[in-house]
Amino acid sequence: AAGVIQSPRHLIKEKRETATLKCYPIPRHDTVYWYQQGPGQDPQFLISFYEKMQSDKGSIPDRFSAQQFSDYHSELNMSSLELGDSALYFCASSRQNTEAFFGQGTRLTVV
Amino acid sequence: EDQVTQSPEALRLQEGESSSLNCSYTVSGLRGLFWYRQDPGKGPEFLFTLYSAGEEKEKERLKATLTKKESFLHITAPKPEDSATYLCAVKGTSYDKVIFGPGTSLSVIP
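First to last, the sequence lines map onto chains H and A. Heads up, the first sequence is in my numbering, so the first residue is 1 and it goes up one at a time. Heads up, the second sequence is in my numbering, so the first residue is 1001 and it goes up one at a time.
Excised from the complex, chain H in its bound form:
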């Protein structure tokens, strides 16, 4: 069965650089979520999209932005990267009112 695809799997950036993370949801899923997970922490919600419109927003820094495109893939753009942005970034998708399925994540390291 198709799963949520994230790219890249690993990314190393320097401070103040920009990073773009991509997510391809499961076909026919209408909702996409982005989460940030630091070491030893639970996933923290960043932002979600329902049918390509932003549906909810969490603790997402102003330096970050996201969008969902007409083909339903989503991108998380992160600018002016800081050391503290180093984390695992997960994308998940679901149909409304059902469970979310997660991708394998992008490990971002800011040096």
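Just so you know, these hints were derived from the structure itself, not from any lab. Be careful, since some hints might not be right.
[To be verified] Here are the simulated SDA-like cross-link-like pairs (lysine to any residue), alpha carbons at most 25 Å apart as the crow flies: (1) H:Lys-57 <-> A:Thr-1093; (2) A:Lys-1079 <-> H:Lys-57; (3) A:Lys-1042 <-> H:Val-111.
[Stated by the list, open to error] If you anchor each label on the Cβ, the simulated ranges turn out as follows: (4) A:Ala-1010 <-> H:Gln-67: 34 to 44 Å; (5) H:Pro-8 <-> A:Ser-1018: 34 to 44 Å; (6) A:Ser-1018 <-> H:Asp-56: 17 to 27 Å; (7) H:Pro-8 <-> A:Pro-1040: 26 to 36 Å; (8) A:Gly-1041 <-> H:Lys-22: 13 to 23 Å; (9) A:Thr-1005 <-> H:Gly-84: 24 to 34 Å; (10) H:Lys-57 <-> A:Ser-1018: 13 to 23 Å; (11) A:Ser-1018 <-> H:Asn-77: 45 to 55 Å.
Every residue, glycine too, gets a C-beta built ideally from N, C-alpha and C.
On the provided structure of chain H, position chain A as indicated by the hints.
Only chain A this time, still in chain H's reference frame:
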């Protein structure tokens, strides 16, 4: 504000020693309660969805139950490969996100 707590924070079991993990939640309107398993460096793997009090779901050595305030994940005769972090999460009616608890780190010793 909706929130999820889990206990214990960490649990160490001998292989074959059954136990339960607790998830307590506060949510204004429950759309669903979810259990996930997460291995280090990997994405959360979906296990169960529970929608209403009294509901139970079962899969191999795992059984999830739900009351109006808590959910339990019962692990029967665990094996070392069950070692992972188990995350409980909820989705409420007033928002479009999944709120996670802090997780229980389970270690099953051979």
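Pair hint A:Lys-1079 and H:Lys-57, alpha-carbon separation not exceeding 25 Å
violated, 39 Å
Mind checking the hinted window 17 to 27 Å against the Cβ distance between A:Ser-1018 and H:Asp-56?
At roughly 38 Å between Cβ atoms, H:Asp-56 and A:Ser-1018 fall outside 17 to 27 Å, so the hint is violated.
I want to verify a distance hint. Is the separation of the beta carbons of A:Thr-1005 and H:Gly-84 within 24 to 34 Å?
Holds, since A:Thr-1005 and H:Gly-84 (Cβ atoms, about 25 Å apart) stay within the stated range.
Per the hint of 34 to 44 Å, is the separation of the Cβ atoms of A:Ala-1010 and H:Gln-67 within bounds?
holds, 39 Å
Are A:Gly-1041 and H:Lys-22 spaced within 13 to 23 Å by their CB atoms?
holds, 19 Å
Quickly compare the C-alpha distance for H:Lys-57 and A:Thr-1093 to 25 Å and report which way the hint goes.
With a Cα-Cα distance of about 15 Å, the restraint between H:Lys-57 and A:Thr-1093 holds, given a limit of 25 Å.
Between H:Lys-57 and A:Ser-1018, is the Cβ distance one that fits in 13 to 23 Å?
Check failed, 41 Å falls outside 13 to 23 Å.
Checking one constraint from the list: CA of A:Lys-1042 to CA of H:Val-111, max 25 Å. Satisfied?
holds, 22 Å
Please test the hint of 45 to 55 Å on the beta carbon pair from A:Ser-1018 and H:Asn-77.
Holds - the Cβ-Cβ distance for A:Ser-1018 and H:Asn-77, about 47 Å, lies within 45 to 55 Å.
Evaluate the given range 26 to 36 Å for the C-beta pair formed by H:Pro-8 and A:Pro-1040.
The hinted range 26 to 36 Å is violated for H:Pro-8 and A:Pro-1040, with Cβ atoms some 19 Å apart.
CB-CB spacing for A:Ser-1018 and H:Pro-8 relative to the 34 to 44 Å hint:
holds, 41 Å
Checked against the numbered hints given earlier, this structure breaks hints 2, 6, 7 and 10; the rest are met.
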